[in-house]
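Full structure from sequences and hints, please.
There are 2 protein chains.
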Amino acid sequence: MLRSHHCGALNENNTNHEVVLAGWVQKVRNKGFIVWVDLRDRYGITQLVFDEERTPKSVYQQSLKLGREDVIQIKGKVIERESKNPNMPTGGIEILVSELTVLNASKTPPFTIETQTDGGDELRMQYRYLDLRRKPIRENLIFRHKVTMAVRNFLSQAGFIDVETPYLIKSTPEGARDFVVPSRMNSGQFYALPQSPQTFKQLLMVAGFDKYFQIVKCFRDEDLRADRQPEFTQIDCEMTFVEQEDVLVQFEAMIQHLLKETKGIELGAFPRMTFATAMEKYGNDKPDIRFGMTFGELNALAQNKGFNVFDAQELVVGIAVPGGAGMTRKEIDGWIEWVKRPQVGAKGLVWVKCHEDGSYKSSVDKFFDSEDLAQWASVTGANPGDLIFVMAGATQSTRSQLSALRMEIAEQMGLRKPDEYAALWVTDFPLLEWDEESQRYHAMHHPFTAPKKENLEDLEKDPSKAKANAYDLVLNGNEIGGGSIRIHDTALQEKMFGLLGFTEKEAQDQFGFLMDAFQYGAPPHGGIALGLDRLVALLGGSETIRDFIAFPKNNNGRDVMINAPSALEDAQLEELHLKSLPKDFS
Amino acid sequence: MLRSHHCGALNENNTNHEVVLAGWVQKVRNKGFIVWVDLRDRYGITQLVFDEERTPKSVYQQSLKLGREDVIQIKGKVIERESKNPNMPTGGIEILVSELTVLNASKTPPFTIETQTDGGDELRMQYRYLDLRRKPIRENLIFRHKVTMAVRNFLSQAGFIDVETPYLIKSTPEGARDFVVPSRMNSGQFYALPQSPQTFKQLLMVAGFDKYFQIVKCFRDEDLRADRQPEFTQIDCEMTFVEQEDVLVQFEAMIQHLLKETKGIELGAFPRMTFATAMEKYGNDKPDIRFGMTFGELNALAQNKGFNVFDAQELVVGIAVPGGAGMTRKEIDGWIEWVKRPQVGAKGLVWVKCHEDGSYKSSVDKFFDSEDLAQWASVTGANPGDLIFVMAGATQSTRSQLSALRMEIAEQMGLRKPDEYAALWVTDFPLLEWDEESQRYHAMHHPFTAPKKENLEDLEKDPSKAKANAYDLVLNGNEIGGGSIRIHDTALQEKMFGLLGFTEKEAQDQFGFLMDAFQYGAPPHGGIALGLDRLVALLGGSETIRDFIAFPKNNNGRDVMINAPSALEDAQLEELHLKSLPKDFS
Numbered sequence: 336m337l338r339s340h341h342c343g344a345l346n347e348n349n350t351n352h353e354v355v356l357a358g359w360v361q362k363v364r365n366k367g368f369i370v371w372v373d374l375r376d377r378y379g380i381t382q383l384v385f386d387e388e389r390t391p392k393s394v395y396q397q398s399l400k401l402g403r404e405d406v407i408q409i410k411g412k413v414i415e416r417e418s419k420n421p422n423m424p425t426g427g428i429e430i431l432v433s434e435l436t437v438l439n440a441s442k443t444p445p446f447t448i449e450t451q452t453d454g455g456d457e458l459r460m461q462y463r464y465l466d467l468r469r470k471p472i473r474e475n476l477i478f479r480h481k482v483t484m485a486v487r488n489f490l491s492q493a494g495f496i497d498v499e500t501p502y503l504i505k506s507t508p509e510g511a512r513d514f515v516v517p518s519r520m521n522s523g524q525f526y527a528l529p530q531s532p533q534t535f536k537q538l539l540m541v542a543g544f545d546k547y548f549q550i551v552k553c554f555r556d557e558d559l560r561a562d563r564q565p566e567f568t569q570i571d572c573e574m575t576f577v578e579q580e581d582v583l584v585q586f587e588a589m590i591q592h593l594l595k596e597t598k599g600i601e602l603g604a605f606p607r608m609t610f611a612t613a614m615e616k617y618g619n620d621k622p623d624i625r626f627g628m629t630f631g632e633l634n635a636l637a638q639n640k641g642f643n644v645f646d647a648q649e650l651v652v653g654i655a656v657p658g659g660a661g662m663t664r665k666e667i668d669g670w671i672e673w674v675k676r677p678q679v680g681a682k683g684l685v686w687v688k689c690h691e692d693g694s695y696k697s698s699v700d701k702f703f704d705s706e707d708l709a710q711w712a713s714v715t716g717a718n719p720g721d722l723i724f725v726m727a728g729a730t731q732s733t734r735s736q737l738s739a740l741r742m743e744i745a746e747q748m749g750l751r752k753p754d755e756y757a758a759l760w761v762t763d764f765p766l767l768e769w770d771e772e773s774q775r776y777h778a779m780h781h782p783f784t785a786p787k788k789e790n791l792e793d794l795e796k797d798p799s800k801a802k803a804n805a806y807d808l809v810l811n812g813n814e815i816g817g818g819s820i821r822i823h824d825t826a827l828q829e830k831m832f833g834l835l836g837f838t839e840k841e842a843q844d845q846f847g848f849l850m851d852a853f854q855y856g857a858p859p860h861g862g863i864a865l866g867l868d869r870l871v872a873l874l875g876g877s878e879t880i881r882d883f884i885a886f887p888k889n890n891n892g893r894d895v896m897i898n899a900p901s902a903l904e905d906a907q908l909e910e911l912h913l914k915s916l917p918k919d920f921s
Numbered sequence: 336m337l338r339s340h341h342c343g344a345l346n347e348n349n350t351n352h353e354v355v356l357a358g359w360v361q362k363v364r365n366k367g368f369i370v371w372v373d374l375r376d377r378y379g380i381t382q383l384v385f386d387e388e389r390t391p392k393s394v395y396q397q398s399l400k401l402g403r404e405d406v407i408q409i410k411g412k413v414i415e416r417e418s419k420n421p422n423m424p425t426g427g428i429e430i431l432v433s434e435l436t437v438l439n440a441s442k443t444p445p446f447t448i449e450t451q452t453d454g455g456d457e458l459r460m461q462y463r464y465l466d467l468r469r470k471p472i473r474e475n476l477i478f479r480h481k482v483t484m485a486v487r488n489f490l491s492q493a494g495f496i497d498v499e500t501p502y503l504i505k506s507t508p509e510g511a512r513d514f515v516v517p518s519r520m521n522s523g524q525f526y527a528l529p530q531s532p533q534t535f536k537q538l539l540m541v542a543g544f545d546k547y548f549q550i551v552k553c554f555r556d557e558d559l560r561a562d563r564q565p566e567f568t569q570i571d572c573e574m575t576f577v578e579q580e581d582v583l584v585q586f587e588a589m590i591q592h593l594l595k596e597t598k599g600i601e602l603g604a605f606p607r608m609t610f611a612t613a614m615e616k617y618g619n620d621k622p623d624i625r626f627g628m629t630f631g632e633l634n635a636l637a638q639n640k641g642f643n644v645f646d647a648q649e650l651v652v653g654i655a656v657p658g659g660a661g662m663t664r665k666e667i668d669g670w671i672e673w674v675k676r677p678q679v680g681a682k683g684l685v686w687v688k689c690h691e692d693g694s695y696k697s698s699v700d701k702f703f704d705s706e707d708l709a710q711w712a713s714v715t716g717a718n719p720g721d722l723i724f725v726m727a728g729a730t731q732s733t734r735s736q737l738s739a740l741r742m743e744i745a746e747q748m749g750l751r752k753p754d755e756y757a758a759l760w761v762t763d764f765p766l767l768e769w770d771e772e773s774q775r776y777h778a779m780h781h782p783f784t785a786p787k788k789e790n791l792e793d794l795e796k797d798p799s800k801a802k803a804n805a806y807d808l809v810l811n812g813n814e815i816g817g818g819s820i821r822i823h824d825t826a827l828q829e830k831m832f833g834l835l836g837f838t839e840k841e842a843q844d845q846f847g848f849l850m851d852a853f854q855y856g857a858p859p860h861g862g863i864a865l866g867l868d869r870l871v872a873l874l875g876g877s878e879t880i881r882d883f884i885a886f887p888k889n890n891n892g893r894d895v896m897i898n899a900p901s902a903l904e905d906a907q908l909e910e911l912h913l914k915s916l917p918k919d920f921s
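Protein chains in written order, with our numbering: chain A, 336 to 921; chain B, 336 to 921.
Honestly, the hints are just simulated from the structure, not real lab data. Heads up, a few of these hints could be off.
A pair holds if it fits inside one copy or across any two, identical chains being indistinguishable in the list.
Said to hold, decoys possible - Mimicking DSBU-like on lysine-lysine, the simulated pairs with C-alpha atoms at most 30 Å apart in a straight line are:
1) Lys787 with Lys410
2) Lys442 with Lys788
3) Lys616 with Lys696
4) Lys787 with Lys400
5) Lys595 with Lys481
6) Lys914 with Lys552
7) Lys552 with Lys481
8) Lys830 with Lys914
9) Lys788 with Lys682
10) Lys788 with Lys470
11) Lys552 with Lys470
12) Lys752 with Lys675
Below, the structure written as structure tokens:
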């Protein structure tokens with residue numbers, strides 16, 4: 336071992352001990368006759384001291400040449416500091432160095448290895464191994480480790496078995512696009528990387544494993560949006576002989592456990608909210624319920640009062656901005672511009688100031704009197720001093736626009752506190768969504784989700800009405816997990832594939848093994864998958880998942896550090912019976 | 336929840352309780368007026384009873400139709416059995432059923448779901464979800480879960496951080512063949528799936544993570560031998576500021592812990608053996624040391640005595656088979672035929688019987704007298720009653736042939752007891768191997784392995800002489816892990832790539848990021864990777880890894896259950912800018 340202690344270990348109790356430390360030079364302070372060096376490793380920082388009087392001359396001379404990020408090993412004696420730093424575990428001592436070995440000198444790093452660095456995103460990604468040396472990123476990854484260990488131990492103690500499912504599986508065109516892997520031994524054939532272990536975990540239930548979990552990489556070849564990764568990690572779980580409520584109770588307990596273990600926060604029972612309510616009250620199926628501003632629907636109050644902008648629309652809906660009555664005209668105009676941005680796409684905003692004295696001032700005073708506006712205030716929950724913003728339009732898009740506004744206002748008002756946690760279950764999702772482009776239904780969750788028993792008839796009559804035994808787990812306005820009770824009999828699964836536009840042959844080719852399995856005693860089962868990257872980020876007080884992944888890819892799916900993907904050697908392609916085509920070929 | 340208890344939970348203490356159970360019908364015994372059903376789940380078997388007198392008539396009638404592997408839910412009362420089965424936790428009770436629901440009927444399974452099944456390998460692989468219902472396979476996978484949890488908790492408590500490294504990385508032609516993944520967004524470019532996270536874990540050390548571990552899937556596109564999988568799981572570990580001994584001590588402790596935790600076995604300190612000694616005494620770098628039959632080299636004693644077969648050879652070497660003097664001539668001939676098989680490839684065997692009365696009888700009595708043979712016995716450690724087998728030939732091949740013979744004899748004599756464990760470290764491996772075909776050196780371990788300090792000069796003068804800071808962990812004659820102290824400076828790494836025949840450009844293209852990283856303060860580091868599949872199998876008392884993998888591939892790399900790999904749709908290939916060529920194109 337090249338050290339006797341790590342850099343976070345020593346304190347006054349070690350005074351006069353001879354120690355050997357190794358680590359990185361964080362900082363050098365040269366006072367002319369005395370040199371202090373902060374020596375850093377994963378565990379902390381220990382101060383080294385070299386001085387003209389007490390340090391052997393050659394060692395002192397060496398110390399003058401040390402630079403940032405040099406890796407050194409020192410031998411020395413622990414001495415008490417003259418001026419102690421009570422904020423550091425090692426702040427009471429320093430090491431009077433007697434021997435110094437430079438294990439590996441460092442070039443000057445391209446950015447500072449500090450909590451606040453001067454490095455830009457691109458540079459930090461290219462030198463990710465240096466970025467990872469920075470304390471916040473290091474702590475994020477150590478935190479991730481703690482979360483995964485807590486998850487594993489919690490689930491294991493609850494009787495879940497960690498089973499590894501395969502990575503080289505079969506491509507299925509349903510859902511997102513697969514990454515594929517050409518098979519050298521089977522010319523013209525390909526494996527696919529799993530988008531999730533969905534069918535395998537269901538087979539494990541058929542196999543009687545009863546409770547399964549896995550923390551597993553999944554892959555989706557999608558056009559990347561900010562903060563989406565082509566490979567991501569899932570906490571994947573499945574249970575047998577359960578109903579929806581059993582799954583909710585089990586994983587509510589897990590999230591409560593995680594918050595307790597990692598943050599010391601006790602979270603009460605999670606509210607349950609139907610999809611319909613979430614859309615109506617928050618315009619969103621993953622509402623952030625840490626703050627109010629719930630939607631108030633104003634159709635009955637605001638239509639047919641002569642204001643044409645409202646009359647023709649499907650939905651008129653508003654929110655109350657707490658304390659917003661004090662906004663200047665300019666600020667209000669700012670918000671109007673904000674909702675008109677193409678990313679939001681609203682046409683505009685009607686506003687109503689609810690003054691402290693009980694009077695109202697609005698952009699639609701011509702059409703609505705104080706009595707009208709008082710009713711709006713009542714429906715949107717606006718108090719004196721608040722501001723009401725109102726939108727109108729097609730139901731779905733208007734809800735989504737007002738939801739975006741609600742979230743942005745909350746963000747700017749500091750209502751989305753990263754250290755405050757509120758989770759809820761959203762339930763009763765529609766089973767199917769109609770897709771105009773492909774003129775067919777898509778599974779809202781996935782094709783294996785069971786409809787609610789009371790909706791089995793709807794599948795025949797009006798499939799769009801059927802609700803699913805599906806549920807999402809939402810934390811602080813982010814979907815962190817979703818699951819469902821699954822179909823477990825062949826006939827219903829076949830019907831579902833039919834509704835989704837599969838021919839019998841397609842269903843058989845792609846999922847025949849699952850439908851076969853259902854014929855040999857498949858038990859009722861259901862489960863959930865949680866997005867680990869996002870969960871860890873949220874628990875870590877951030878919404879940026881990239882800071883919680885050791886080696887993330889950029890928005891083009893590239894690893895700029897190792898320069899992947901990259902071209903293959905011709906011989907490799909030949910072995911795979913493949914030819915690359917120019918990009919504009921197809 | 337569809338049950339109040341699982342099928343392993345109930346005993347006499349529950350007598351008279353009303354319970355709800357769900358599970359699979361393991362067995363139905365119909366005595367005419369009474370029907371017993373064994374109900375099975377992951378946790379055990381509970382006996383159900385339906386009889387003409389006490390069971391509602393319709394329920395009794397239903398019970399007559401139950402078949403193997405039907406999934407049922409029952410309600411009933413726990414009653415004490417008349418004839419108890421003390422070998423089962425639930426053997427004292429049975430359930431007098433009052434309600435029966437068939438949750439899912441099963442077709443007759445294609446093979447019996449019993450510990451000893453009548454299903455062949457192919458059929459069991461095709462219906463793996465049924466094979467997984469069999470108790471031994473289920474227990475293997477639950478055992479695997481316990482091992483991985485024990486590994487994770489042990490390493491976590493020892494300060495190791497679990498860090499996920501990426502799966503979509505860069506192809507490097509060195510080593511085994513990569514599986515590759517075409518990039519849709521980067522035409523003509525490919526990711527590769529990792530053969531191991533080697534470079535990433537080294538970067539984590541450069542990043543200061545100090546101690547890393549990961550239980551991670553790795554991929555090698557090799558022609559498959561029996562019991563080798565294209566995707567396999569590794570316990571991957573790395574440590575900073577360590578020397579070889581530190582790594583050995585840490586992972587010796589881990590294996591001892593695993594054996595204690597999972598088997599209750601206390602294993603003493605692991606012997607250390609150099610590669611040279613292992614080859615000399617066992618003809619093998621992964622010796623099974625649970626039994627003797629170590630090699631005795633006989634060149635000095637057996638050459639130049641007129642027996643031409645020995646004189647011309649590089650090596651004459653023998654082993655003593657305990658109690659082998661009693662072998663018949665036919666048995667000895669059987670062994671001679673065995674070593675002549677092409678898989679072994681020896682030319683023959685000389686044999687010497689060491690009789691209890693101190694006399695000798697050999698196949699070479701014409702050339703060697705009793706005094707000679709007594710010396711052979713002394714060198715091979717043969718006692719009265721033993722048999723000596725002797726081989727001669729080129730050193731390397733002869734050792735390997737005699738090693739094969741030693742292992743097969745031990746196997747047949749029952750000396751390779753699956754419940755007896757002996758581990759050792761093999762050290763001091765050569766750094767490089769000369770490859771005649773490519774006329775260049777290959778890295779014996781991998782290109783990142785550090786030579787021993789005292790061999791740095793040899794790298795210039797005679798690279799073949801250099802030894803590596805590399806080590807293998809061997810358990811019961813199987814290599815279960817291997818590792819090394821790594822190179823951590825750019826100059827030495829460049830020199831190593833040069834020795835391995837990389838041009839500067841190739842080295843830079845493939846591993847430039849690593850050599851760059853070494854310039855920014857790379858600490859000394861080393862690590863190890865253990866094959867989880869094999870480790871779990873050995874701890875589980877088997878050498879067949881396939882029985883410890885939930886969904887293994889067959890020897891052609893196929894998953895016959897899901898039928899993967901398979902053809903893609905044309906549109907998928909087009910999106911990837913690829914064209915499949917006929918197999919005989921290249």
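The hints, checked one at a time:
{"no.": "1", "hint": "Lys787 with Lys410", "in the structure": "between (70 Å within a copy, 24 Å between copies)"}
{"no.": "2", "hint": "Lys442 with Lys788", "in the structure": "between (67 Å within a copy, 24 Å between copies)"}
{"no.": "3", "hint": "Lys616 with Lys696", "in the structure": "within (25 Å within a copy, 97 Å between copies)"}
{"no.": "4", "hint": "Lys787 with Lys400", "in the structure": "between (73 Å within a copy, 29 Å between copies)"}
{"no.": "5", "hint": "Lys595 with Lys481", "in the structure": "both (12 Å within a copy, 25 Å between copies)"}
{"no.": "6", "hint": "Lys914 with Lys552", "in the structure": "both (29 Å within a copy, 28 Å between copies)"}
{"no.": "7", "hint": "Lys552 with Lys481", "in the structure": "both (18 Å within a copy, 21 Å between copies)"}
{"no.": "8", "hint": "Lys830 with Lys914", "in the structure": "neither (40 Å within a copy, 35 Å between copies)"}
{"no.": "9", "hint": "Lys788 with Lys682", "in the structure": "neither (41 Å within a copy, 73 Å between copies)"}
{"no.": "10", "hint": "Lys788 with Lys470", "in the structure": "neither (52 Å within a copy, 34 Å between copies)"}
{"no.": "11", "hint": "Lys552 with Lys470", "in the structure": "both (26 Å within a copy, 29 Å between copies)"}
{"no.": "12", "hint": "Lys752 with Lys675", "in the structure": "within (26 Å within a copy, 76 Å between copies)"}
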